[in-house]
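Chemist: Chain residues, written in single-letter form:
2 protein chains.
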Amino acid sequence: MARANTTKRAILDAALELAATKGITGTTMDEVAELAGVAKGSLYYNFSSKDQLFEAMLQEGVGALADSLRTAKGELRGWPAIEALVRQLLDRIVANAPLAKLMASEIFRTDRAWQQTLFALRHEALAVFEEAIDETDVPAGRAGIMASSVFGAVLLAGLEWLVFEPERSRDEVAAAILATLRVRPTG
Amino acid sequence: MARANTTKRAILDAALELAATKGITGTTMDEVAELAGVAKGSLYYNFSSKDQLFEAMLQEGVGALADSLRTAKGELRGWPAIEALVRQLLDRIVANAPLAKLMASEIFRTDRAWQQTLFALRHEALAVFEEAIDETDVPAGRAGIMASSVFGAVLLAGLEWLVFEPERSRDEVAAAILATLRVRPTG
Numbered sequence: 001m002a003r004a005n006t007t008k009r010a011i012l013d014a015a016l017e018l019a020a021t022k023g024i025t026g027t028t029m030d031e032v033a034e035l036a037g038v039a040k041g042s043l044y045y046n047f048s049s050k051d052q053l054f055e056a057m058l059q060e061g062v063g064a065l066a067d068s069l070r071t072a073k074g075e076l077r078g079w080p081a082i083e084a085l086v087r088q089l090l091d092r093i094v095a096n097a098p099l100a101k102l103m104a105s106e107i108f109r110t111d112r113a114w115q116q117t118l119f120a121l122r123h124e125a126l127a128v129f130e131e132a133i134d135e136t137d138v139p140a141g142r143a144g145i146m147a148s149s150v151f152g153a154v155l156l157a158g159l160e161w162l163v164f165e166p167e168r169s170r171d172e173v174a175a176a177i178l179a180t181l182r183v184r185p186t187g
Numbered sequence: 001m002a003r004a005n006t007t008k009r010a011i012l013d014a015a016l017e018l019a020a021t022k023g024i025t026g027t028t029m030d031e032v033a034e035l036a037g038v039a040k041g042s043l044y045y046n047f048s049s050k051d052q053l054f055e056a057m058l059q060e061g062v063g064a065l066a067d068s069l070r071t072a073k074g075e076l077r078g079w080p081a082i083e084a085l086v087r088q089l090l091d092r093i094v095a096n097a098p099l100a101k102l103m104a105s106e107i108f109r110t111d112r113a114w115q116q117t118l119f120a121l122r123h124e125a126l127a128v129f130e131e132a133i134d135e136t137d138v139p140a141g142r143a144g145i146m147a148s149s150v151f152g153a154v155l156l157a158g159l160e161w162l163v164f165e166p167e168r169s170r171d172e173v174a175a176a177i178l179a180t181l182r183v184r185p186t187g
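Those protein sequences? They're chains P and C, same order as listed. Quick note: the first sequence uses full-length UniProt numbering, first residue 1, plus one each step. Quick note: the second sequence uses full-length UniProt numbering, first residue 1, plus one each step.
Everything labelled a hint here was simulated from the structure, so no lab data went into it. Do not take every clue at face value.
Just so you know, same-sequence chains aren't split out, so a pair can sit in one copy or run between any two.
Heads up, simulated BS3-like pairs for lysine-lysine below, C-alpha to C-alpha not over 30 angstroms straight-line [unchecked claim]:
hint : residue 1 : residue 2
1    : K73       : K22
2    : K50       : K22
3    : K73       : K50
4    : K40       : K73
5    : K8        : K50
6    : K8        : K40
7    : K40       : K22
8    : K8        : K22
Full structure from sequences and hints, please.
Modeler: Below, the structure is given as structure tokens:
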């Protein structure tokens with residue numbers, strides 16, 4: 001059991017690292033096996049196809065992100081919840097930059113075998129933001145677009161930080177992002 | 001001249017359409033030639049390599065975006081400029097959804113032959129937002145992260161709209177995004 005989990009872990013990590021640099025389309029199963037240090041037979045024993053591998057990888061990565069957002073929100077409501085979610089998402093982006101890059105590039109692809117999975121996961125992660133926004137006084141039906149807006153602000157600013165301004169502190173970046181955000185009823 | 005321009009145009013449009021669906025890595029020169037309806041010789045006569053083709057495509061697309069943002073800002077300063085830029089960026093996303101999708105996926109790739117070009121273009125588009133943010137009272141040095149934050153909010157919410165909630169009106173989406181944004185001094 002431990003052995004299998006270690007192998008799966010190595011494969012998922014290698015797949016993520018390669019895809020973050022070369023894109024999913026540009027990544028081959030041969031490269032995944034090589035970087036993971038496993039035989040090709042073992043790779044295909046664990047994941048029957050490249051589609052299945054990347055679906056599992058996104059499921060795990062985005063699922064863990066959604067869980068961590070849910071935990072960060074906890075009992076908080078409205079704006080304090082949004083502040084906590086912004087900080088948590090930023091921490092997750094730093095902790096897993098390859099996943100953040102991959103999400104930015106995959107989130108609106110509509111041609112993938114794992115589209116349904118990604119759609120469900122995306123919805124799960126955004127739902128926590130949507131809930132917090134709904135707890136403020138926004139008109140019904142707007143929270144979805146607003147959640148994407150807040151999520152997009154943090155995702156792009158977080159990647160900007162990692163890729164182009166890594167010398168800044170997390171608190172400084174969180175403050176700069178929060179200084180561009182508010183949630184108020186739309187008119 | 002007219003003939004050459006038409007051919008180039010067809011090639012650039014085909015390359016963008018294919019890349020928005022399949023990613024740049026997943027797009028071949030054969031497919032570009034076929035969709036553009038040009039012979040392969042003509043394709044390579046206009047663009048000597050796939051890298052050169054996509055560099056030209058991004059240069060044109062992101063360059064035009066930056067120009068349109070600059071025009072939208074015009075003489076406006078501070079928050080009114082930001083409101084105008086949000087609406088303009090949203091209009092550009094609707095007018096050229098494939099480019100918006102491609103930007104979301106390419107903007108943080110650091111392994112491309114055209115990285116320098118993309119970096120310069122990205123900077124050019126963000127600079128207009130940065131300028132407007134600088135015209136409010138934000139502390140020096142924060143405007144870069146804040147510009148990415150605002151740009152990210154509009155890009156992701158705009159794509160959310162196009163891909164998942166196309167029945168909404170542009171004004172409704174602009175209002176929802178603006179309801180999540182403000183720019184205030186941090187600290």
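Chemist: Work down the list of hints and note, for each, if the structure agrees.
Modeler: Cross-check of the supplied hints:
Taking identical chains as interchangeable, the C-alpha atoms of K73 and K22 are never at most 30 angstroms apart, the minima being 34 angstroms within one chain and 36 angstroms between chains. In this assembly of identical chains, K50 and K22 lie within 30 angstroms of each other by CA distance both inside one copy and across copies; the values are 15 angstroms within and 16 angstroms between. Taking the shortest Cα distances, K73 and K50 never come within 30 angstroms of each other, neither inside one copy (34 angstroms) nor across copies (46 angstroms). For a Cα distance limit of 30 angstroms, the shortest separation of K40 from K73 qualifies neither inside one copy, at 42 angstroms, nor across copies, at 55 angstroms.
In this assembly of identical chains, the alpha carbons of K8 and K50 lie at most 30 angstroms apart only when taken from the same copy (14 angstroms versus 35 angstroms across copies). Proximity of K8 to K40 under the C-alpha cut-off of 30 angstroms is restricted to the intra-copy arrangement: shortest distance 13 angstroms within a copy versus 43 angstroms between copies. Taking CA atoms no more than 30 angstroms apart as the test, K40 paired with K22 passes in both settings, with 20 angstroms inside one copy and 26 angstroms between copies. Within a single copy, K8 and K22 get their C-alpha atoms as close as 21 angstroms, and across copies as close as 27 angstroms, so both meet the 30 angstroms cut-off.
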